[in-house]
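Undergrad: Now for the letters of each chain:
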Amino acid sequence: MRYAFKLKNGAMALFDPDTALLTITTTHGEVQSSTIGRAESRLLDLLLMDPGQTKSREEIIDYTWNDRVVASGSLNQAVFSLRNLLNDSRDHEIVMTVPRRGYCFNRLYVMDAQAELPTPSDAAEPVPALEALAPQKQGPLPVPAEKTGTSTYITKFQLIGYVLTLGVCAYTGFHSGFDTPKVEVSSAKHNELAIHAVGHSVAEAEELRDLSIAQVKQLSLNLKGDVWLNLFKSNYSVSCIRPDLSTANLQLNSEQKDLALMIRQCLEVTL
Amino acid sequence: MKSMTPSTAHWIVLAIINAACIFSLLYSPSYYMENISYQTITRQWLEDSNQLNTEEYLTIGHGRLTQTTLESLNGKIRNATISAQVIRESNHHVQIKINNVKLSQDNELFAIEKTPDLFFRRQFILQEGTILNYELLPTADKNSVCFYVHDVGRLRCMNH
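Protein chains in written order, with the working numbering: chain A, 762 to 1032; chain B, 2 to 161.
Just so you know, not all the hints are guaranteed correct.
[As the list claims (entries may be wrong)] Computed cross-link-like contacts, DSS-like style, restricted to lysine-lysine with a CA-CA straight-line distance of at most 25 Å:
| hint | chain 1 | residue 1 | chain 2 | residue 2 |
| --- | --- | --- | --- | --- |
| 1 | A | LYS985 | A | LYS1018 |
| 2 | A | LYS1018 | A | LYS994 |
| 3 | A | LYS1018 | A | LYS978 |
| 4 | B | LYS143 | A | LYS950 |
| 5 | A | LYS978 | A | LYS950 |
| 6 | B | LYS115 | A | LYS1018 |
| 7 | A | LYS943 | B | LYS143 |
| 8 | A | LYS943 | B | LYS98 |
| 9 | A | LYS985 | B | LYS143 |
| 10 | B | LYS115 | A | LYS994 |
These aren't lab readings, by the way, just hints derived from the structure by calculation.
This is chain A alone, in the form it adopts within the complex:
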C-alpha cells in the first residue's frame, strides 16, 4: 500500500510504508528517493491512514514506537524531522499541529496513489482508502519507487556505455592516426599526365603544383602517367607511376635541373 501526496512546491511524493521509501518527483521531473527513519516512517504511515483525522500524541507514540516507553521529546523530534523531509518545517501546512489534541495530515495534499501511479504490480494490491482527492490541478506524475530503481540501473549502464564508447572512439582515433603528421596533396591534370604536389601546407602544395604544370605546358610535353612532387629543403623529389605501372624516383637539387625535364625523365622507361 502506497500513499501519494503533493508538496507545497508542486513536487509529488510517493510513500511506501513497507520499505519506508519516500520518492519525490520535482516539477522538473527529477526523482529523489530516500529511505526515511523508522520513527518518521511509522508516523507518516499513521497520519496518512486517515488524512484529515487528528491523531493524539498517545496514539502516535503507541503506533510509532510499538508501546515502547519513549520521552515526549521523541515525538517532537520525529515530527520535526518529518516536516523537514516534506519541506514543511516553516508553516506546518502538511503535517498540521492541532493544539492540545495532536497531529493530522492535511488531506488537501493527499492524492490517489492508485489513480496517479498505475503499475502492473499495483493492480493486485488493495487501494488505500483515502478520504479526499486533491482538489486543485495536478502536477507532473510521481515516479514509483520501482521506476526509480530501474532509472538508476539504466544510468549505471549508460555510464558504462559512455566509457566503452569513449574507449572505442579513442581506439578508432588512434588507429586512424589523427595525431600523426600529415602532408597536403594538391593535384592537377594535364592531358594524360596527373601531377600531385606534396607539401606541408595547402599553399606549399598548390605552389609546387602550379609551377610544375606551367613548366610542363611551356615545354609542350605530351606525358602520360602519375607524378608526385615534393620540395624538401632545396631538393626536389619526383616519384612517378608510369603507364606500364612501373615506378621510378628522382632526387636532385632544385638548381640542378628543370622540373619539367625531371618529370619527363622520371616517366621514361629507359631510366
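Please build the complex by placing chain B on the supplied structure of chain A, with the hints as guidance.
TA: This is chain B only, laid out in the frame that chain A set:
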C-alpha cells in the same frame, strides 16, 4: 515514460557512435597491401654531379617492415637492409621503430663532405631505435604504393 525517452535517445546516440567507429575501422580502404614486396628504382644527383642509383625493396606485414636498398655509384656497390617493428598503423600512416640494420659496408659510396645533408639523414635512418612516420598517399593503381617519410622528407613510389 518521461524518463525513458531521453534514456532511449542516449542509447541510440551511443549505438550510432559505436557503429560509425567500428565501420571506419573495418571498411576504410588501406593504401597498401600487406606482405607484398614493392620495388622501385631511384636516381639521385649529388652535389658533385655524380649519380647515385638505387634499387629499393619494401615489404610491410605481420607488424614488421623490411626495406632493402642496393645502391651503386661509379661501379661501387653497397646494400643495406633495415628491419623495423610497426608500432602504430592506420590506413594512411605507418609508424615504425627500426630495430635492426645490416650494411654490406660501413662507408658511404658518395663523398660525405660534399653531400653532408644526405649523410646525416642516412645516419638517422640507419640508427637502431629510430622512429619513422610513413604517410601513404592515395594512388589510382592498387599495385603501386606512394608514401612520404616525414622524418627525412623522402618521397617514394613503388610497385610490385
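Undergrad: Hint by hint, say whether it matches the structure.
TA: Verification of the hints:
no., hint, result
1, LYS985/A to LYS1018/A, "holds, 20 Å"
2, LYS1018/A to LYS994/A, "holds, 16 Å"
3, LYS1018/A to LYS978/A, "holds, 17 Å"
4, LYS143/B to LYS950/A, "holds, 20 Å"
5, LYS978/A to LYS950/A, "holds, 11 Å"
6, LYS115/B to LYS1018/A, "holds, 18 Å"
7, LYS943/A to LYS143/B, "holds, 21 Å"
8, LYS943/A to LYS98/B, "holds, 19 Å"
9, LYS985/A to LYS143/B, "holds, 18 Å"
10, LYS115/B to LYS994/A, "holds, 17 Å"
This entry satisfies every hint, going by the numbered hints stated previously.
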